[in-house]
Amino acid sequence: MGALTEQISLTRAAAPARRKPGGIGDGLFRAASYASALLVLLVLFGILASIAYGGWPAFAEFGPGFITSSAWNIGQEQYGAFVAIVGTLASAVLALLIGVPLSLGIAVYLTQLCPGWARKPVAMTIELLASVPSIIYGMWGLFIFAPLFARFVQMPVSNLVEGMPVVGTLFYARVPSGVGILTAGIILAIMIVPFVASITRDMLDQIPTVLRESAYGIGCTTWEVVRHVLVPQASVSIIGAIMLGLGRALGETMAVTFVIGNANRLSASVFDPGSTIASRIANEFNEADGLQLNALMALGCILFVITFVVLIVARLLVRRVKVA
Amino acid sequence: MDAINTLAPPAPPLRKSRVRSGRRVADRLLVGACTLATLIGIVVLGSILAMLIIEGVKGFSPLLFTEPTPGPGSEGGGIANAILGSLVMTVLGILVATPVGVMAGTFLAEYGRHSKLADLIRFLNDILLSAPSILIGLFVYTLMVRPMGSYSGWAGAVALAIIATPVIVRTTEDMLRLVPATLREAGAALGAPPSKVITAITWRGASAGIVTGIILALARIAGETAPLLFTALNNNSWFSPNLMGGVPNLPVMIYQFALSPYANWQQLAWAGALLITITILALSIVARFVIKPQRAR
Chain R
1 MGALTEQISL
11 TRAAAPARRK
21 PGGIGDGLFR
31 AASYASALLV
41 LLVLFGILAS
51 IAYGGWPAFA
61 EFGPGFITSS
71 AWNIGQEQYG
81 AFVAIVGTLA
91 SAVLALLIGV
101 PLSLGIAVYL
111 TQLCPGWARK
121 PVAMTIELLA
131 SVPSIIYGMW
141 GLFIFAPLFA
151 RFVQMPVSNL
161 VEGMPVVGTL
171 FYARVPSGVG
181 ILTAGIILAI
191 MIVPFVASIT
201 RDMLDQIPTV
211 LRESAYGIGC
221 TTWEVVRHVL
231 VPQASVSIIG
241 AIMLGLGRAL
251 GETMAVTFVI
261 GNANRLSASV
271 FDPGSTIASR
281 IANEFNEADG
291 LQLNALMALG
301 CILFVITFVV
311 LIVARLLVRR
321 VKVA
Chain C
1 MDAINTLAPP
11 APPLRKSRVR
21 SGRRVADRLL
31 VGACTLATLI
41 GIVVLGSILA
51 MLIIEGVKGF
61 SPLLFTEPTP
71 GPGSEGGGIA
81 NAILGSLVMT
91 VLGILVATPV
101 GVMAGTFLAE
111 YGRHSKLADL
121 IRFLNDILLS
131 APSILIGLFV
141 YTLMVRPMGS
151 YSGWAGAVAL
161 AIIATPVIVR
171 TTEDMLRLVP
181 ATLREAGAAL
191 GAPPSKVITA
201 ITWRGASAGI
211 VTGIILALAR
221 IAGETAPLLF
231 TALNNNSWFS
241 PNLMGGVPNL
251 PVMIYQFALS
261 PYANWQQLAW
271 AGALLITITI
281 LALSIVARFV
291 IKPQRAR
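Same order as they appear, the protein sequences are chains R and C.
Everything in the first sequence is counted per our numbering, starting at 1 for the first residue and increasing by one.
Everything in the second sequence is counted per our numbering, starting at 1 for the first residue and increasing by one.
Hints are computed from structural coordinates only; laboratory data are not their basis.
C-beta atoms are modelled at their ideal positions from N, C-alpha and C, and glycine is treated no differently.
Hints should not be assumed to be uniformly reliable.
Claimed, not checked - Now the in silico label distances, taken between C-beta atoms and shown as ranges:
hint : chain 1 : residue 1 : chain 2 : residue 2 : range
1    : R       : Leu-89    : C       : Lys-58    : 36 to 46 Å
2    : C       : Leu-29    : R       : Leu-89    : 26 to 36 Å
3    : R       : Ala-49    : C       : Pro-180   : 38 to 48 Å
Bound conformation, chain R alone (with noise of 0.2 Å):
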């Protein structure tokens, strides 16, 4: 080896006059490369710096109220921003709430269930429901799915509650119409049913089928395969997984926009329309000037922050596991 690296040096020494390979072509294309990387760099701080910069007349003018105010009246320049905070948050987490049990359920069948021939072409069905565009969710979310479950779950269940106490407020509606929190809810969690559970199959079976079989060997069902065995080893990643649902679902705009109903007010039941920041930036960022705009803006900044910060604990989570 030291003779070699001699051998080597003594070349080099020996050659001077030849230019280093590639030259200046080299060292331009690892300059370009260099400069694409950071470019990615570049606009994540650009979209924060100008939300920011839009938003900046909002938050001086209301303060610290802006987000705690309830207000949004175009007439009076007053705008606060919490009911479409708690709409944002109210319509996720019923996502997740409704969209982890389908996403796992799902991520178990293909891994454990499922018989060969069907794997990919199940998987596939499941995968290509990501590829369908947010906005065709709204449509099949509004004239689909609302009609439906007006008539089979609002009506039947505001009918069966009306007057008993605490349910009786959460599911009830006033006018069953189909659109609502919980529509919303339900559209997001379809919507991020394919990566949760990409993600969790993937996890799944990066598990050693040593584990699994020997566990199958004790004599153990599936279900105590997947409780005990599956779900410990891939907890933490699944928890990634969810956020990164959850991140989705906060942002999502097109599909919420169709089926929330797009109201300003505060609602106890999960059957009336409300909105989110997203909807609601949709909805009026082209008929919008003035403190309104930068209303709007400030609402943009208060979901990038909420979104990024989910998305980071997602990512932190989702690396850790693939790193060990």
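With chain R's structure known, arrange chain C on it following the hints.
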């Protein structure tokens, strides 16, 4: 044996299985619930497709591809201008995103590797990958629409490029990492400079995967609506070739027409929705088949 049998209390009746019933029930429930969850997923996709086909086919005619979108209240019309506008912006977006994305992915896989900067960029790229597209729309609005004083197709294309880039960065990096290091070393040993090794060996080895990334990015941006709402908007005429002013495009057209009171507008929205969904699903399926030989190798 017989003796024991007669002595035993009247048959702890031959259990159907050796598994305690509580465990069996839990197991059956799991199997049922998982199968049901998967069925729900399949039924939803099926019902979306059925809805699009039933509603969309009604409005299908050759006029779709020759006539521009009609004004409010006027009869007939097609979606030719929206199709063309979408094509132009999507292609422009991909043309910008491909070199940037491939080069950035190359930096992460070949030059940066595990440097602190590369780790940071990789992390932020993953975040950008799932960032709400509406925020990207707001960014491009502030960056381009406001200073230029008008909605434009350029702004729309830039917004789409920003959404497509992280997809391409990620797949390019992943695919380049699959190329064995020995190939690079062999190239370097022949005296090829790094840029030559990358372009002639690693890129070539990973080409199918990189193309897949680009197709996936294409599928991703083809249906994006929210960012176009603030950048390209929409209008009902043929766009001017300089792409200034509102540029008609399918997603925003679908959004505006689907919620409009005019029957022919709604019909056009359905036709557009069918067209765009089929295109995107086809792209996603094609991407899967391009990547296949790569994995098998």
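Given the range 26 to 36 Å, decide if the beta-carbon distance of Leu-29/C to Leu-89/R lies inside it.
holds, 31 Å
36 to 46 Å was suggested as the range; check whether the CB atoms of Leu-89/R and Lys-58/C agree with it.
Check passed, 40 Å falls within 36 to 46 Å.
Can the suggested window of 38 to 48 Å be confirmed for the beta-carbon pair Ala-49/R and Pro-180/C?
holds, 41 Å
Comparing the model with each numbered hint stated earlier shows that all of them hold.
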